[in-house]
Structures are given as structure tokens and as C-alpha cells.
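Here the protein sequences line up with chains V and W, keeping their order.
Counting from 1, one number per residue, gives the positions in the first sequence under the UniProt record's numbering.
Counting from 1, one number per residue, gives the positions in the second sequence under the UniProt record's numbering.
Watch out, some of these pointers could steer you wrong.
Stated by the list, open to error - Derived list of chain V stretches under chain W, where covered just means 3 residues or more per stretch with a C-beta under 8 Å from a C-beta of chain W:
| hint | region |
| --- | --- |
| 1 | 43-54 |
| 2 | 204-215 |
| 3 | 222-229 |
| 4 | 257-266 |
| 5 | 333-347 |
To be verified - List of simulated lysine to any residue pairs, SDA-like, C-alpha gap at most 25 Å:
| hint | chain 1 | residue 1 | chain 2 | residue 2 |
| --- | --- | --- | --- | --- |
| 6 | W | Lys-128 | V | Lys-246 |
| 7 | W | Lys-85 | V | Ser-69 |
| 8 | W | Lys-191 | W | Lys-437 |
| 9 | W | Lys-128 | V | Gly-225 |
| 10 | W | Lys-437 | W | Gln-358 |
| 11 | V | Lys-217 | W | Lys-437 |
| 12 | V | Lys-250 | W | Lys-85 |
| 13 | V | Lys-250 | W | Gln-358 |
| 14 | V | Lys-250 | W | Lys-437 |
| 15 | V | Lys-246 | W | Tyr-50 |
| 16 | W | Lys-128 | V | Lys-250 |
| 17 | W | Lys-128 | V | Phe-281 |
| 18 | W | Lys-128 | V | Lys-217 |
Stated by the list, open to error - Which chain V residues stay away from chain W? Per the calculated CB distances, all over 10 Å, these:
| hint | residue |
| --- | --- |
| 19 | Ala-32 |
| 20 | Arg-33 |
| 21 | Ala-58 |
| 22 | Val-66 |
| 23 | Tyr-68 |
| 24 | Gly-113 |
| 25 | Ala-167 |
| 26 | Ser-178 |
| 27 | Leu-269 |
| 28 | Gly-296 |
| 29 | Leu-320 |
Read the hints as simulated data drawn from the structure, not as lab findings.
Beta carbons: idealized from backbone N, C-alpha and C, even for Gly.
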Amino acid sequence: MNVAVSFESSVPTPQSPFKRSRFGRGKRTPIARWFWEIDRVLLLLVTILIGVGLIAVAAASPAAGVRYSGSGVTVAARHYFWMQLAWTVIAVPIMLAVSALPVQIARRAALIGGLVFLALLALVPVIGSAANGATRWISIGPAKLQPSEFLKPMFAVAMAWLFSLRARNPGLPFALISVVPMALIAALLMKQPDFGQTVIFASVWIVLLMLSGASLKLLGMLGAGGLAAIVSAYLFYSVATERINKFLFKQGDTYQVDRAHATLTNGGLLGTGPGAGTEKFTLPEPHTDYIFSVIGEEFGLIACIAIACLYLAIVLRVSLRLLREEDDFLLLASAGLVSQFGLQALINMMVNVGLAPSKGMTLPFISYGGSSMIALSIGMGLLLAFTRENPHLKEATYTVRWNGR
Amino acid sequence: MNAIAAGLAPPRDRALVKNNDSVRVAHYRLMVLMLLFALMVGVISLRLLYLAVFDAPDRSPVASAIGPRADITDRNGVVLAATIKGISLAIRPPRVIGDKERLAAELARLFPNRSVDDYRRILHGRRKFVYLERGATPAKIHAVRLLGEPAIEEVPEPKRFYPQGTMAAQVIGYMDIGGVPVSGMEAFLDKRLTSAANGGQPVALSIDSRVQAALESAIRTSAEKYLAVGGAGVVLDVHTGEVLAMASLPVFNSNAPGLVPVGTDPLRPDARYNRAVSSVYELGSTFKVLTMANAIEHGVITDFGKRYDATAPLQVGGFRIKDDHPENRWMSVPDILIHSSNIGTARISEEIGPERTQAFFRQLGFDRPVDLELGARGKPLWPGFWARTTVMTVAYGHGIAVSQMHLANAYAAMVNGGILRPATMLKLPAGQAPQGKRVISEQTSYRIRQLMRLVVEEGTGRGANISGLRVGGKTGTAEKNLNGRYIHSSLVTTFAAAFPMDAPRYVVVVTMDEPKGIPETYGFRTAAWNALPAVKNVIARIGPLLGVIPDPSKDIDVSDLMPFVYKPEKKDTGVHAID
Numbered sequence: 001m002n003v004a005v006s007f008e009s010s011v012p013t014p015q016s017p018f019k020r021s022r023f024g025r026g027k028r029t030p031i032a033r034w035f036w037e038i039d040r041v042l043l044l045l046v047t048i049l050i051g052v053g054l055i056a057v058a059a060a061s062p063a064a065g066v067r068y069s070g071s072g073v074t075v076a077a078r079h080y081f082w083m084q085l086a087w088t089v090i091a092v093p094i095m096l097a098v099s100a101l102p103v104q105i106a107r108r109a110a111l112i113g114g115l116v117f118l119a120l121l122a123l124v125p126v127i128g129s130a131a132n133g134a135t136r137w138i139s140i141g142p143a144k145l146q147p148s149e150f151l152k153p154m155f156a157v158a159m160a161w162l163f164s165l166r167a168r169n170p171g172l173p174f175a176l177i178s179v180v181p182m183a184l185i186a187a188l189l190m191k192q193p194d195f196g197q198t199v200i201f202a203s204v205w206i207v208l209l210m211l212s213g214a215s216l217k218l219l220g221m222l223g224a225g226g227l228a229a230i231v232s233a234y235l236f237y238s239v240a241t242e243r244i245n246k247f248l249f250k251q252g253d254t255y256q257v258d259r260a261h262a263t264l265t266n267g268g269l270l271g272t273g274p275g276a277g278t279e280k281f282t283l284p285e286p287h288t289d290y291i292f293s294v295i296g297e298e299f300g301l302i303a304c305i306a307i308a309c310l311y312l313a314i315v316l317r318v319s320l321r322l323l324r325e326e327d328d329f330l331l332l333a334s335a336g337l338v339s340q341f342g343l344q345a346l347i348n349m350m351v352n353v354g355l356a357p358s359k360g361m362t363l364p365f366i367s368y369g370g371s372s373m374i375a376l377s378i379g380m381g382l383l384l385a386f387t388r389e390n391p392h393l394k395e396a397t398y399t400v401r402w403n404g405r
Numbered sequence: 001m002n003a004i005a006a007g008l009a010p011p012r013d014r015a016l017v018k019n020n021d022s023v024r025v026a027h028y029r030l031m032v033l034m035l036l037f038a039l040m041v042g043v044i045s046l047r048l049l050y051l052a053v054f055d056a057p058d059r060s061p062v063a064s065a066i067g068p069r070a071d072i073t074d075r076n077g078v079v080l081a082a083t084i085k086g087i088s089l090a091i092r093p094p095r096v097i098g099d100k101e102r103l104a105a106e107l108a109r110l111f112p113n114r115s116v117d118d119y120r121r122i123l124h125g126r127r128k129f130v131y132l133e134r135g136a137t138p139a140k141i142h143a144v145r146l147l148g149e150p151a152i153e154e155v156p157e158p159k160r161f162y163p164q165g166t167m168a169a170q171v172i173g174y175m176d177i178g179g180v181p182v183s184g185m186e187a188f189l190d191k192r193l194t195s196a197a198n199g200g201q202p203v204a205l206s207i208d209s210r211v212q213a214a215l216e217s218a219i220r221t222s223a224e225k226y227l228a229v230g231g232a233g234v235v236l237d238v239h240t241g242e243v244l245a246m247a248s249l250p251v252f253n254s255n256a257p258g259l260v261p262v263g264t265d266p267l268r269p270d271a272r273y274n275r276a277v278s279s280v281y282e283l284g285s286t287f288k289v290l291t292m293a294n295a296i297e298h299g300v301i302t303d304f305g306k307r308y309d310a311t312a313p314l315q316v317g318g319f320r321i322k323d324d325h326p327e328n329r330w331m332s333v334p335d336i337l338i339h340s341s342n343i344g345t346a347r348i349s350e351e352i353g354p355e356r357t358q359a360f361f362r363q364l365g366f367d368r369p370v371d372l373e374l375g376a377r378g379k380p381l382w383p384g385f386w387a388r389t390t391v392m393t394v395a396y397g398h399g400i401a402v403s404q405m406h407l408a409n410a411y412a413a414m415v416n417g418g419i420l421r422p423a424t425m426l427k428l429p430a431g432q433a434p435q436g437k438r439v440i441s442e443q444t445s446y447r448i449r450q451l452m453r454l455v456v457e458e459g460t461g462r463g464a465n466i467s468g469l470r471v472g473g474k475t476g477t478a479e480k481n482l483n484g485r486y487i488h489s490s491l492v493t494t495f496a497a498a499f500p501m502d503a504p505r506y507v508v509v510v511t512m513d514e515p516k517g518i519p520e521t522y523g524f525r526t527a528a529w530n531a532l533p534a535v536k537n538v539i540a541r542i543g544p545l546l547g548v549i550p551d552p553s554k555d556i557d558v559s560d561l562m563p564f565v566y567k568p569e570k571k572d573t574g575v576h577a578i579d
């Protein structure tokens, strides 16, 4: 709730030392209001993450450059870094702008966007372009756009909205209704094929079902169903069979996994130092899927642990704030967005450290990728928008703090 | 509150919301999810720590030593071959960031082997990597660093270094420019020196560098004095088969193997050639000791006083066997060896017969290359047809050619109690000597020791008698044989000795290639004049070094043979051609 409230209800300006400040709590300019309502700690964590991502892409860029240089084509050593920097310059304002949207507008935009990208996703098999053995992208001029990346945050918002309607229409089978878009998206994704994204969408859907009060029986059934789905995917879906075989039995071509392991461990605990990595040049996708390994080689496994903790901090920050959140939709939407974000990071890191089969999933805000950067910014912008809080509401509580303030 | 409000309009009152059951369930489940997520991050962190501890590349000195080739040392740990850091300087023209004109001039100043124009062509050319200098000196590397040009690379290239220079060069061998071992123990030990399992541990050869130095110095002194074209020598431990020294003259430096000329004359192989194992020679009268051993072993000789007719050359078919310095009398067994009588030896071999002669020499390994770690082992020239004359000539070392190492091995078996052991170039752990196989009995071996000692006390080996070191041995002189034809002007002289004869420990064999007669030797050039002094020199130097204390009170008892040694009434003061 209540972000909306803060926009409507104007609080009398207190006479305070902040008076003359542009961002004083009393200022009523839109920017000042945005600044005081936004979760500044979350914003700081995301900023750090983007900074880390730029350094990581700078480290991985020469390796990727060598990889994608061929006869006639020479990719400059820092090409991917400059590209990523350019995308960041575009993406950060988008994130800030989205974070400033009023909740209703943000939600409506997300719902409409969700429909648009669902349509685009459906069109991928028709107008998409293939790369690395999968058709996931739609080329728009020089840029390539992956609809599923954009659909992800919007799907979370749409599902949150759907489940938040439950309270108003207790009789309707919302869980059953939500199966329809979920199944549609899963079918489209598996056709590409994109097993990893399917797992993310399904996980977000299950998390939202869980938070919206689905019975334990239903959740148990879903858990069993998920297990059955994975087993049947292993049995009947060749890509999954291959990947899981590789992971479990080290069968077949484990080159990628072996290279990732060699790169990750080459630097030891403290790393070889920036630019001193050597194994990264043998990695198939140093700047995207396996950037975590590149960080491990050059900055040490201690840096990898720090990054894992950074993701944990973001998830905890949002979740702890949500424990105060009373509004169904905001709670569900924020939880959906953050779990989607955290889960993607988790899976990528697990693949890199050899705890999960390789999936072709990027590390949010760290991996290179233009359209993915924009999509993530939109998702994070929505999250920031949904977690905005009127600072005066907190102050208005009549509780006595232990320090007497 | 109601979800309606959330969706459509802001709720009016927060208090209402607090009672919402579904929100409380959501909060509860959110906490569970949070914990799950934290747990997963914990698992990832633990996995990362695990990787850091157990899977990080091992950078300990032991492990990193796997890369460079391990050292080769002598039996006492003296380094014979080591791997040192070498730096080569190279340039990557596409990466040059400075002024190419100036850089070309600077390079021409620092590396004058190419001109400024050459460097300009390189810098503007298409080549991506050009060596400026292999194995650059620290001063050159420093000068290049001062240029501040990042396109110049210092390429680490491990370099093989032989700190002892020419010492035992043919044994150690050498590497070609690409770091591939070409010969010697470098080639034999290649896998072991570079394998990870070995862990960079140095490999100890059986060579004792002190003994090696004494042997090389003695052979060189002799070769220079007697104008020999080459020489070879072996010092062998008779109880273990370890080769304490092996020398071949002329020498080369393993650090620069290309500096010696390539030999084209088949009679004078080049310096990289190991004459001790690769050359096969007719070793002449040194074989008489082996023939005697065979005869004693098979009961052909039971009475050492039995005399053989050496009054006149022996005519066998169209072949005449003469003595080099005829005694023209009937000779006892000790006399035959002392005076190196071909006729007497031939008569004894006649009694042994072709089968037993062949069997014995086969037992000693004279029909095949010697059993040793070195490559390029010479293949003996084994008689194709054993006529009556063949048996007779082979008995005194003609008509059969073996390497010096063959002879040293056989002599070790003759004196050590009768056990033939394979020789080795690797240091054996104490008490790990190979079992070996018996070729003659203890008693026969004892008799041979007596006879060898008598040769030095009374006969052709007199010059090798060193007070207290109890040397025994046998001389041997033969003509070089090229493609089946004897070259009368080219002699190969050998002295094979063992000491101390009361309890033999070492065999020393020295061979001189084409020694010449000099005024000091009255023009003579047989073994006693040139190979023997070298052996005497070696034994005198290494005896005390190896723990054989000169002791005049000790010696092997030869008194039972003395009655059979012919003593002329009048001491002969004339100079003999002795052999």
C-alpha cells in the first residue's frame, strides 16, 4: 500500500534544518519525494552490483574478444566493456524512471508490457534469430532482444496482481487460472529451447502461489509435480538429458564445466589479480554465463563470496521490508520480482561452482548483455517502485524505541 | 484490508490491514523463503571455500618443480646437469605503441645482428612475433626494459646447464636447441626427469666426479704424451656393477655440443661419440685372462706347472701364430700370462675347444651389445665361423671385437668371485646390487687374481705396480680393423686392471687409440708404454680416495705359483717390446 498514499497525502512541512536542502524531507518536489520514499539501501546495493558488474565485464572482455575474433574480424580487447558501459548509461535512467512511477501506473504498464512481450515470445519461432543452438532472440537492427528477459519481471507483476484479486473474489480458482499463462509461457520457452528460463518462471509462479496462501496440500502436489517434471524432462527432453547427464555422471562433452572449474579455481582464495587471469581465455562464454568464474580467477574466491553475499543482502533487504508490507499486491509483486532476481543469481552461481548443471543463465547486473541489462533495470525499477515507503508513516508509529528517540 | 483496495484505490486505514490472515501467512512463508535463500547462499559460499582450499592450483615449490627438467647429479650429489632460468627477448610488432622509427634505431643499437632497416621491416611487417635474442643476459634485459616498450616480451625459457663443462659429457649427453635430449643419460632418463611422479627430484648417476676427473686427466695426459688420437676408460665397482667413471677422449662441452667438428673418418669418430661403449675393438691379449679362466674352470688346466711348447711359432694350416717377444722355450701357465705368449694361449684354447670357448664368451655377453643404460652401444664383431684358427686367435683377443665396457664387465666377474653383473650408470642404493649370474667358480676367480697379480709383479704389467695397492692386470695390444682389414700402423692398446687383488673392489680399464712411439719409449707403442701408465696414474689417485688404503703388509698369496715362474739366471737389462 501506501506509496500511493504518500503521493496523495501531503504532510505539513516541519521546520527543520533540512529546510534549505534541495532534498529536504519537507521538500515537495517530485525528486525530493522520490528520494525520501525510495529504499535507498536497496538502491545503494544495486549501484554497487552494477559497479562490480562493469569491473567484471572489463575483466572478461579481453577473453570474450579473443573468443569472438576470427579471420577477418577482430574484436577489440575492451569492446564488451565499452558496450556494457553504454548499455548501463541507458539502463540506469530507465531503472530510476520506472522506480518513480506511481504504483498503479507501474502495474498497468507492467501488465500491458507483459502482454506485448508474451506476443513477441510467441513470435520468436517465426521471426527470431538463432545463436548457440537456440532461437531466443529477435533482431532489431543491430540490437538483439530476448523477449523472455523482458517478460520475466512483467510476469511476476502480472501474477502478483492476479493473486491479489483473490481476496476480492474468494470464490474464483485463481491458482487454476494462473496455470494458463504459466503453461503457455513454459511451452513457448521449451520450444526455443530454454530450460533455465522455464525454471525461473515456474519458480516465481510457485513462490507467488505459496505467498498468496495456497494450501500446503496444493504446494506439496506442486512440489511433487515439479519433481516429476524434472524427471520427465530428463527422460524425454534431449537438452535436459544431456545437461543433467553431464552434471551427474560427467558424461559426454564436459568441456564447458571443466573449463569453468579450472578458471574459477585458478586464482585461489585471493585471485591472480586484475588482468592476470589466464584460464579465462579458455572459457566458452567468459563475459556472460561464466563471468562468475572469471571473477573467481582474477579477484579470488573471496570476491565470489562477497558477490554472493551482495545478492543475499538485496534479497534480505527487500524481504525484511516486505515483512512490514500489508498490501497483498505490493507484497506479492515485490516478492515475485526479488525472488526471480535472486533465483537467477543463485542458479548462475551454482552452475559456476559446479553445484548445478549448466543452463545458459546470466548473472543479474554482472553478466554482459544489452537487452538483459535493460530488462533487469525495468525489473529492478519496478521493485524499487513497489517498495517505496512514505518515510512519515514510519515516524508516525507510536512506539517507544529502546534508545528513547 | 482488502486486496480490492490494493488493486484499485489506496486503503484508508492501516489498522484494518493488520488483521489480515492471508498477509500473515504470506509474511510467515516469506521468512521461510528468506531462510532458504540464505541457506543456498551459504552453501555456495562453503562450496567456494572448499574450492579455494582443495581445488586451488598447488603453488608449492615441490609442485612447481614439475615443470622444469630435474637435475642429474653424480653419486655424491655433485650437480652434473641442471635447469636454469633463461630469458629470451621477443617483440610483437602489432602491439608497439611507441614511435616505430625510433624503436627500430634503438633495437639496432641493442641487437646489432640486424640492421635498422631490418628492424623497420619487422616493425611494419605482418609477423606477429619475432625473437630478438635467445638467452639474453641480465644486462640486455635491463637495457630493453629501459626502452619502456610493452611490445617487447621477456619469454621465460628454461635452459639446460652443465656446470662441469666437458666432464663425463658423453655419459651425460646433451640437448638440442629445442630442449630435446639427444644422447647419453639425458636421453635415457628423459621421462623420469620430466615426469610429475618424480617430483623434480634429482637423479644420481653411478659416476663419482672425483674418480671421473682422475680418469679423464690420466687419459688426457697419456694421449697428449703418446700422441694418441683418442682414448677411453672405465672404472667399475666389481661388486655392484656401478660405473664410477667413464671417459672418452676427445671431449666436447655439453653446453655447446655443436662446437666440435663432425667426424667423417670412421677410424676417428668425433668427440660426441662415447668410445667406451660405442666403439668395438679387438682388445688383444687382455682376453688371455678370460681364456685362462675358462680353461681353469673346465679343468683344462689342473696343474699350473704344466708346460706348453712355445719354442717356435705355431703353424695352423696357412696361419702362423707368433709371440711378439718370443721366449722360445716351454712355458708354464703363469709364464704364458706373464710373458703374454700367444702360442701358449693358443695351445690351451685348442684343448678348451670351440664349443666351450663360444659358450664362455656368450656367457660374458660378448655376442651382443653391452647391457647398459646408454644408447648407441656398439655391437660386437662375433666370428661368423669358428674354425680351428678362430678358436686360437679369439683366445688371445684377435678376430673378436667387443667394447671396452664388455671387457670391464668380464674382468669384474673374473676377480669378484665369479659373478657377472649387469653394469649400470645409475647409483644403486646400498645393498641393492643385482644378483648377477655365476660364470666361474670362487676358486677359479682366486686363481685368476693370483695370475693377474703375477703379471704386474713379474710380467708385462710391471709398470703398474704401486706399493701397497696390490694392483693386478693384463696388457693388450691390437691393430685396428676397418671393414675386415687390419691397419698395421694403427694400434689400439688396452690395460685392464683390478685392485686390491687380495679383495678386489674396482676394475680400471684404459684404452688408447693410435698411440705413437716416442723417444722416451724407445719408439715402442704397445699397451705397457701408454695405456698402463694411465691406469697406474688413475689407481694411485683413486685408491685412497675410494678407501683402499695403501698397505704393503697386505697382498694376495702367490707363493704356490712362484715355483712355476721362470727366473732366468741373469737379470735381463735389455729393453723388451713387451706385451
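Hint by hint, here is what the structure shows:
no.: 1; hint: 43-54; result: violated (count 0)
no.: 2; hint: 204-215; result: holds (count 5)
no.: 3; hint: 222-229; result: violated (count 0)
no.: 4; hint: 257-266; result: holds (count 4)
no.: 5; hint: 333-347; result: holds (count 4)
no.: 6; hint: W:Lys-128 <-> V:Lys-246; result: 39 Å, violated
no.: 7; hint: W:Lys-85 <-> V:Ser-69; result: 34 Å, violated
no.: 8; hint: W:Lys-191 <-> W:Lys-437; result: 30 Å, violated
no.: 9; hint: W:Lys-128 <-> V:Gly-225; result: 59 Å, violated
no.: 10; hint: W:Lys-437 <-> W:Gln-358; result: 17 Å, holds
no.: 11; hint: V:Lys-217 <-> W:Lys-437; result: 85 Å, violated
no.: 12; hint: V:Lys-250 <-> W:Lys-85; result: 39 Å, violated
no.: 13; hint: V:Lys-250 <-> W:Gln-358; result: 63 Å, violated
no.: 14; hint: V:Lys-250 <-> W:Lys-437; result: 53 Å, violated
no.: 15; hint: V:Lys-246 <-> W:Tyr-50; result: 21 Å, holds
no.: 16; hint: W:Lys-128 <-> V:Lys-250; result: 39 Å, violated
no.: 17; hint: W:Lys-128 <-> V:Phe-281; result: 19 Å, holds
no.: 18; hint: W:Lys-128 <-> V:Lys-217; result: 68 Å, violated
no.: 19; hint: Ala-32; result: 21 Å, holds
no.: 20; hint: Arg-33; result: 16 Å, holds
no.: 21; hint: Ala-58; result: 18 Å, holds
no.: 22; hint: Val-66; result: 14 Å, holds
no.: 23; hint: Tyr-68; result: 18 Å, holds
no.: 24; hint: Gly-113; result: 18 Å, holds
no.: 25; hint: Ala-167; result: 3 Å, violated
no.: 26; hint: Ser-178; result: 15 Å, holds
no.: 27; hint: Leu-269; result: 4 Å, violated
no.: 28; hint: Gly-296; result: 8 Å, violated
no.: 29; hint: Leu-320; result: 8 Å, violated
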